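2 protein chains.
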Amino acid sequence: MKLQSKNFLFGGAETKEVVDKGVVRQILGYDDSIMMVKVWFDRGAVGYRHAHEHSQVTYVESGVFEFTVGDESKRLETGDSVYIAPNISHGATCQEAGVLLDVFSPAREDFLAAEQKT
Amino acid sequence: MKLQSKNFLFGGAETKEVVDKGVVRQILGYDDSIMMVKVWFDRGAVGYRHAHEHSQVTYVESGVFEFTVGDESKRLETGDSVYIAPNISHGATCQEAGVLLDVFSPAREDFLAAEQKT
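From first to last, the protein sequence lines stand for chains A and B. Going by my numbering, the first residue of the first sequence is number 1, and it counts up by one from there. Going by my numbering, the first residue of the second sequence is number 1, and it counts up by one from there.
Just chain A, with the same shape it has in the complex (with noise of 0.2 Å):
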């Protein structure tokens, strides 16, 4: 493995980084293959519509948010969950304060660089 996390992540104790206005991001544990990463969004911000080539899985742990996958949009609450295929372009806007879980594979490098740089 390339890339490869702790075993264990405590959630009060690991980096908590600002990436765009009411979106604060925590990266969680990761190698090559898998990166789980929390994000907390303000009510009204906005994951922007954008497209990369991992596949992706977002759980909603709490708060409401529009998502939209390709054309499609729903709603989606606590305990719901979306499957985003590579390369599809997708956004969220938060309805209501709350936090997704993102996970991804491969890895987002992109991620831990931006992260090695504040």
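Derived by calculation from the structure, the hints in this document are not laboratory data. Mixed in with the good hints, there may be bad ones.
All copies of an identical chain are treated as equivalent in the list; a pair is satisfied when it fits inside any one copy or across any two copies.
Said to hold, decoys possible - Below are the DSSO-like pairs computed for lysine-lysine, each with C-alpha atoms no more than 27 Å apart in a straight line:
1. Lys6 / Lys74
2. Lys2 / Lys74
3. Lys74 / Lys21
4. Lys2 / Lys117
5. Lys117 / Lys21
6. Lys117 / Lys6
No experiment lies behind these values; they were computed from the predicted model shown.
Following the hints, put chain B in place on chain A, whose structure we already have.
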């Protein structure tokens, strides 16, 4: 892709499966390279020590768990997480009822096969 879930998965609508005493599993989004699984544990329920070739990251959504990875054990609570490298023996005991989010790379095809049988 050989495997691919729906894009949108609503927690109240997806199948739940009793997989062990006090352990209930719900398969969330997946494709060949990634799979997210939600697991409810009653207090005292055990995820027995085992190993698999998949990389795994597990997030504690709620509850308290004693987690062992290799020869190291830690108490994990809400917001904590654990990374488990391929083929490393791991297990967990639930100390206060709660929910884990397990993610794997590649997908756990064995879980899909088990779900189709029920």
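Practice task
Using 27 Å as the alpha carbon limit, work out where Lys2 and Lys74 are close: within a copy, between copies, both or neither.
Solution key: Between copies, since 25 Å is at most 27 Å while 37 Å is not.
Exercise for the section: Go through the copies and call it for Lys117 and Lys6: within, between, both or neither, with a Cα cutoff of 27 Å. Expected result: within (20 Å within a copy, 36 Å between copies)
Handout entry: Alpha-carbon proximity context of Lys2 and Lys117, limit 27 Å
Key = Only inside one copy: Lys2 and Lys117 sit 19 Å apart there, 38 Å across copies, limit 27 Å.
Handout entry: Alpha-carbon proximity between Lys74 and Lys21, which holds within one copy, between copies, both or neither at 27 Å
Key = Only inside one copy: Lys74 and Lys21 sit 23 Å apart there, 35 Å across copies, limit 27 Å.
Practice task
With 27 Å as the alpha-carbon cut-off, assign the pair Lys6 and Lys74 to within, between, both or neither.
Solution key: between (35 Å within a copy, 13 Å between copies)
Problem - Within, between, both or neither: Lys117, Lys21 at alpha-carbon 27 Å - result: within (18 Å within a copy, 46 Å between copies)
Violation of the numbered hints given earlier is absent; every hint is satisfied by the structure.
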